[in-house]
Structure formats: C-alpha cells, structure tokens
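Modelling step: build the complete structure from the supplied sequences, incorporating the hints.
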Amino acid sequence: MATESGTSTRLRGRSTGLDAETGLAVDAALAGLDALDIPTAQRRPLAARAWAATWPKIGALALFLLLWQIVVWSGWKPTYLLPGPGKALSEFGSRLGTGHFWDALARTLVRALEGYALAVVIGVVVGVVVSRSTILRTAVGSFITALQTMPSIVWFPLAILLFKLSESAILFVVVLGAAPSVANGVIYGVDYVPPLLVRVGRSMGARGFSLYRYVVAPAALPSVLAGLKQGWAFCWRSLMAGELLVIVPGHSSVGADLQNSRELIDTVGVMASMITIFVVGVLVDAAFNTADQRMRVRRGLIAEGTSAVRAARGGRGRGVTGSGVDPVGGSGDGTVPHQPADTGAGGADGGHAGGAG
Amino acid sequence: MTAVRSDTAVRIDGISRFFGAGAARVQALDNVSLDVRSGEFLCLLGASGCGKSTLLGLIAGLDAPSAGTVDTTGRRAGMMFQDSALLPWLTAGGNIEVPLRLRGIRRGERRERVERLLAMVRLAGLADKRPHELSGGMRQRVSLARAFAQEADILCMDEPFGALDAMTRDLLHDELERIWRETGVTVIFVTHDVREAVRLGDRIVLLSSRPGRVAEIFDVDIERPRRIDSARVAELATTVTTRLREEVGRHGH
Numbered sequence: 001m002a003t004e005s006g007t008s009t010r011l012r013g014r015s016t017g018l019d020a021e022t023g024l025a026v027d028a029a030l031a032g033l034d035a036l037d038i039p040t041a042q043r044r045p046l047a048a049r050a051w052a053a054t055w056p057k058i059g060a061l062a063l064f065l066l067l068w069q070i071v072v073w074s075g076w077k078p079t080y081l082l083p084g085p086g087k088a089l090s091e092f093g094s095r096l097g098t099g100h101f102w103d104a105l106a107r108t109l110v111r112a113l114e115g116y117a118l119a120v121v122i123g124v125v126v127g128v129v130v131s132r133s134t135i136l137r138t139a140v141g142s143f144i145t146a147l148q149t150m151p152s153i154v155w156f157p158l159a160i161l162l163f164k165l166s167e168s169a170i171l172f173v174v175v176l177g178a179a180p181s182v183a184n185g186v187i188y189g190v191d192y193v194p195p196l197l198v199r200v201g202r203s204m205g206a207r208g209f210s211l212y213r214y215v216v217a218p219a220a221l222p223s224v225l226a227g228l229k230q231g232w233a234f235c236w237r238s239l240m241a242g243e244l245l246v247i248v249p250g251h252s253s254v255g256a257d258l259q260n261s262r263e264l265i266d267t268v269g270v271m272a273s274m275i276t277i278f279v280v281g282v283l284v285d286a287a288f289n290t291a292d293q294r295m296r297v298r299r300g301l302i303a304e305g306t307s308a309v310r311a312a313r314g315g316r317g318r319g320v321t322g323s324g325v326d327p328v329g330g331s332g333d334g335t336v337p338h339q340p341a342d343t344g345a346g347g348a349d350g351g352h353a354g355g356a357g
Numbered sequence: 358m359t360a361v362r363s364d365t366a367v368r369i370d371g372i373s374r375f376f377g378a379g380a381a382r383v384q385a386l387d388n389v390s391l392d393v394r395s396g397e398f399l400c401l402l403g404a405s406g407c408g409k410s411t412l413l414g415l416i417a418g419l420d421a422p423s424a425g426t427v428d429t430t431g432r433r434a435g436m437m438f439q440d441s442a443l444l445p446w447l448t449a450g451g452n453i454e455v456p457l458r459l460r461g462i463r464r465g466e467r468r469e470r471v472e473r474l475l476a477m478v479r480l481a482g483l484a485d486k487r488p489h490e491l492s493g494g495m496r497q498r499v500s501l502a503r504a505f506a507q508e509a510d511i512l513c514m515d516e517p518f519g520a521l522d523a524m525t526r527d528l529l530h531d532e533l534e535r536i537w538r539e540t541g542v543t544v545i546f547v548t549h550d551v552r553e554a555v556r557l558g559d560r561i562v563l564l565s566s567r568p569g570r571v572a573e574i575f576d577v578d579i580e581r582p583r584r585i586d587s588a589r590v591a592e593l594a595t596t597v598t599t600r601l602r603e604e605v606g607r608h609g610h
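From first to last, the protein sequence lines stand for chains A and B.
If you read the first sequence in this note's numbering, its first letter stands for residue 1, the second for the next number, and so on.
If you read the second sequence in this note's numbering, its first letter stands for residue 358, the second for the next number, and so on.
Hints may contain errors.
[As the list claims (entries may be wrong)] Part of the chain B face toward chain A, derived, beta carbon under 7 Å:
id	residue
1	ALA417
2	LEU419
3	MET436
4	ALA442
5	PRO445
6	VAL455
7	PRO456
8	LEU459
9	HIS489
10	SER492
11	LEU528
[Claimed, not checked] Distance condition first, Cα-Cα at most 25 Å in a straight line; then the derived SDA-like pairs of lysine to any residue:
id	chain 1	residue 1	chain 2	residue 2
12	B	LYS486	A	LEU196
13	B	LYS486	A	ARG199
14	B	LYS486	A	ARG49
15	B	LYS486	A	GLY269
16	A	LYS77	A	GLY269
17	B	LYS486	A	LEU221
For the record, the hints were derived by calculation from the structure and aren't laboratory data.
Ideal placement from N, C-alpha and C gives every residue a C-beta, glycine not left out.
Here it is in structure tokens:
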C-alpha cells in the first residue's frame with residue numbers, strides 16, 4: 001500500500017514561469033487574507049479575571065449571611081437553637097485548630113475518594129459496554145437512569161443488614177449513588193458523538209479501538225465530564241447520609257460529628273459541621289468547573305468573557321461561518337470572533353448539559 | 358491536458374445504492390459506471406439528491422454499494438469534507454498527525470511531515486493553532502493537509518469550498534490546482550457549482566438526480582491556469598448549466 005516516500009516529493013515538474021508568477025500573487029493574497037482572519041484575542045490580566053470571578057460569589061455569600069443574621073435578630077427561635085452566623089463561623093474557625101477536626105475530615109474524604117474512584121471505574125466500564133450494544137442498551141439503559149433517581153438513603157437499611165455498621169455499608173451506598181451518573185455520562189457522550197467526526201475518523205483509517213481512542217472518547221469527553229461531576233455530587237450526598245446513619249464505633253467523621261452535635265443539642269456544632277460539608281462541596285465544584293472551562297476554551301466552545309447565551313443576546317451581528325474578509329468584525333470587542341462551523345463536540349456538550357445539569 | 362497517464366485509478370462498475378427498506382426504500386445511485394484516470398482532476402457535478410456525496414463515500418470506502426463494484430486498483434483514498442471536520446480538541450498540527458499516528462509513524466518523523474504538509478498549504482508555523490482560532494479557509498487547508506497525510510493517491514473532496522466566501526474560494530482553487538500538479542494525486546471533486554467544476558476539472562461528470570445516473574461527461578479543453586471569470590470558462594459553464602437545468606427540469610412534472 002505504501003507509496004513513495006513523501007507526497008511532496010512526487011513532483012510532476014510541469015510548472016511554468018507563468019505559474020510561478022501567479023503563485024506569488026496567490027501567496028501574497030492568501031497571506032493577506034490569513035492575516036485579516038487571525039482572531040485578535042486579548043486576554044485581560046490574571047488579577048482582573050480572578051476578581052471578576054470572585055466578587056459575585058463574595059457578594060452572594062455576604063447577602064446570605066445578612067439574611068441569616070436578620071432571621072436571628074427577628075427572634076423567631078431562641079439563640080441556643082438558632083445561633084447567628086458569627087457564632088457558627090467562629091466555632092468553625094476554632095475547630096480548624098483541633099486535631100479531631102482534621103482526623104474526622106480526613107476519614108470522610110478518604111471514604112469519599114474510595115467510593116468515588118470505585119464508582120468511576122464501574123460507571124465507565126458499564127457505560128462503555130452499554131453504549132456499544134443495542135441489546136444491553138434496551139435491557140439496562142432505563143434501569144441505570146432509574147437507579148440514578150433512587151434516593152441513596154433508601155439503600156441504607158439493606159446495606160446495614162448486609163454489611164452491619166461498617167465501612168463497607170457506606171462504600172456500598174456511595175458507589176451505588178455515584179456510578180449510574182458516571183455511566184450515563186459515558187452513554188450520552190457516545191450517543192452525541194457527531195456522525196461526521198466518526199466518518200472523518202473512518203476515512204483516516206481508524207477502526208475499532210483506534211476509532212474510540214482518536215475520535216469517540218475525546219468527542220464524548222464533555223458529557224463524560226458532566227457525568228463525573230454529577231457522580232461526585234451523588235457520591236458526596238450518599239456519603240453524608242451514610243455517615244449520619246452508619247456510625248462505625250471509634251471512627252470519627254464529619255457526619256458522625258454532626259450527629260453527635262445534634263444529640264447534644266449543640267446547634268453551633270451542627271452548623272460548624274455543615275459549613276465544613278459546604279466548603280468541601282464548593283471546592284470540589286470549583287475544581288470540576290476549572291476542568292470544564294479549560295476544555296471548552298480549548299475547543300473554542302467558549303471565548304474568554306463570553307458564552308453562547310451572551311453571544312446570542314449580545315447583538316454581535318456577525319454571520320455564522322466566520323470565514324472570509326471581515327477585518328472589522330473580529331477585533332471590535334477583543335473576543336475570538338470565529339465560532340467554528342464544526343463545533344463537533346459542541347452539539348454533544350449542549351445536548352447533554354440540559355440532561356445532566 | 359496532455360500529460361494524463363492512461364492507466365485507471367478508480368473503476369466504478371455498475372454500482373447502485375439503496376437506502377432504507379420496504380416502501381421507504383430510496384435509490385440514491387442507479388447503475389453508475391465510470392473510470393477515473395490516474396492523475397486526473399475529475400469533477401462530479403449535480404443538483405441536490407443526485408447521490409454525488411454517496412458516490413464519493415463509496416469510492417473512499419466509507420460505504421458499500423448495494424450492487425456493482427468499486428475498484429481503487431490498490432490505491433489509497435483520502436477524504437476531505439465540506440465542513441473542514443477538524444477534530445476540535447486537537448491543534449492544526451495534531452489533526453494532521455492523526456493519520457500518521459494511525460499508521461504507526463514515529464514521533465520525530467511525524468513532526469517533520471506535519472511541518473512539510475503545513476508548508477504545502479502555506480500554513481507553516483501554525484501547527485499549534487486550534488481549529489476555532491483559524492478562519493474557514495485556513496481550516497480547509499488544514500483539512501487538505503490532513504487528507505494528504507494519509508498518503509492518499511486518490512483525493513475525494515466533498516464540496517470542500519462550499520461554505521467559503523468567493524474570494525477565499527478563488528484563492529483555494531489556485532492552491533488546490535498547484536498542489537494537485539505538484540503531487541500528481543488523482544482528485545475526485547464533488548460540487549454543485551458549475552463554474553467551480555469548469556475552473557478545476559479535466560472532466561466533468563454530470564449526474565442526474567433521484568436516482569443518480571451519469572447524464573453526460575464533459576471534457577474541459579481549457580488551458581491551465583484557468584480563471585473562474587474567464588470567457589472560456591463562462592462559455593463552457595453556460596453549456597453545462599443548460600444541460601443541468603434539463604436534468605433538473607425533468608423532476609418538475
């Protein structure tokens with residue numbers, strides 16, 4: 001099959017002087033068009049971007065704390081039952097200095113990561129297998145979604161009967177909670193791979209595994225990432241439910257602390273534990289969002305400072321194709337003007353975002 | 358054209374292609390026979406529904422005919438699509454590299470070939486650009502380079518310039534013609550634009566619609582380099598258009 005060394009060495013040698021002349025003209029014209037076409041994206045400085053991303057969050061948090069304080073001030077409940085944010089936050093702060101807090105947090109995080117890792121492995125394997133087979137798809141596709149919608153807490157009675165009050169009982173429920181979301185992310189991801197890209201892959205000679213490796217897997221990534229993120233949310237919820245119900249003697253954890261505080265009618269303690277849970281949730285969410293954002297920027301699904309919604313609303317009256325001689329349109333607002341005509345993964349991304357968001 | 362070698366690159370013999378089954382069965386191609394000469398620039402021209410893209414898919418081996426045979430005589434066919442169809446998660450260079458990786462070529466040689474192919478389409482130094490950072494015309498040139506990375510002897514092009522503005526398309530015609538001459542590749546170029554077909558083709562195969570049949574084959578005896586706005590191109594384009602309208606008109610009754 002292999003031909004002579006390289007394509008460009010197979011010259012026919014039919015060039016004439018006239019060709020060379022027009023060649024130069026073409027060269028200049030193309031260079032000119034290319035120069036006009038290269039987007040002029042300007043990045044704002046890091047500090048400005050960080051501030052733009054941070055201040056709305058700080059504002060929202062301040063507003064929430066204010067509302068909380070107003071409710072406390074209103075005298076709706078006695079302050080030993082409903083303490084103000086100041087008390088709860090200072091309790092949270094003082095806990096940060098204790099070894100017990102970090103022991104409990106470490107155990108909880110290890111449980112979460114173990115359960116999540118196992119769920120990801122199971123979810124990906126199930127997702128890949130199911131997405132490849134129509135029969136399996138019909139057989140277990142809706143079953144997976146049903147499993148996903150089942151509140152994880154209803155698994156605990158069974159888990160406790162099977163595994164007693166042990167780490168295994170918690171792990172069992174965490175995995176059952178998280179794996180279906182991961183599997184669904186993979187299945188939808190494969191479903192939404194644009195057929196054109198599969199054709200491209202096949203035309204380049206990719207078959208079977210190499211088609212998955214070079215086309216299907218990367219094209220499915222946005223949806224898989226959404227599934228992973230949702231899987232984490234289910235994992236964390238299941239774990240918290242588990243730690244409240246399944247208290248393994250001698251094993252301190254965030255959930256066990258929370259339950260303890262409740263039994264002692266220590267509302268400040270309850271709130272401090274809840275703040276811990278909330279903070280972990282926010283941090284992990286931020287990590288997922290960063291990964292998601294980077295992927296979208298890399299694929300041209302989002303230009304810095306814009307989104308599809310803003311672009312649709314923002315009255316940038318540009319055509320769709322993004323080609324050609326349009327020196328004005330691109331540079332006006334400092335954003336990347338060329339939305340690709342082949343937003344292959346875009347369809348998958350948008351299509352699934354609604355389902356899993 | 359004088360230097361056309363006489364051997365045949367693609368032998369298409371009596372192929373038909375049906376889609377669907379039962380009452381919903383549609384015939385896209387009906388008993389199409391055609392020989393594509395090695396090194397020739399062949400344009401497949403037709404209105405919507407003439408099955409020209411189907412025919413191209415059959416030649417590229419992406420699809421199998423319902424009847425008849427396609428013989429690419431041991432040659433390798435590469436494909437280029439209307440939307441540049443670059444993989445959006447890879448850079449320009451990364452896209453060109455995929456066919457090389459699929460064939461197990463070592464990293465050092467891959468990088469060298471990518472640079473050479475980018476230079477061929479006059480995009481040297483833009484290997485690290487992502488598809489969305491390039492214009493439509495530049496993306497199509499990356500796509501062209503990627504098709505050449507398959508070491509294709511036959512280049513199947515499915516309306517590759519259909520979505521581009523006139524000026525860019527005009528320049529890319531010149532580019533494609535230059536690359537075709539330099540490499541000696543056989544090009545099968547699908548278009549619905551008559552002038553484009555006359556500008557580029559050695560021969561133009563006019564297909565009728567629903568089902569697609571070979572209606573007529575035109576030889577383009579116009580000296581290269583051609584200009585799309587030259588009188589001779591316009592003249593032949595008028596003839597071909599008249600014939601195309603006849604074909605399309607038969608569906609109105």
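Hint-by-hint comparison with the structure:
no.	hint	verdict
1	ALA417	6 Å, holds
2	LEU419	6 Å, holds
3	MET436	4 Å, holds
4	ALA442	5 Å, holds
5	PRO445	5 Å, holds
6	VAL455	6 Å, holds
7	PRO456	5 Å, holds
8	LEU459	5 Å, holds
9	HIS489	2 Å, holds
10	SER492	3 Å, holds
11	LEU528	5 Å, holds
12	B:LYS486 / A:LEU196	22 Å, holds
13	B:LYS486 / A:ARG199	23 Å, holds
14	B:LYS486 / A:ARG49	23 Å, holds
15	B:LYS486 / A:GLY269	53 Å, violated
16	A:LYS77 / A:GLY269	17 Å, holds
17	B:LYS486 / A:LEU221	21 Å, holds
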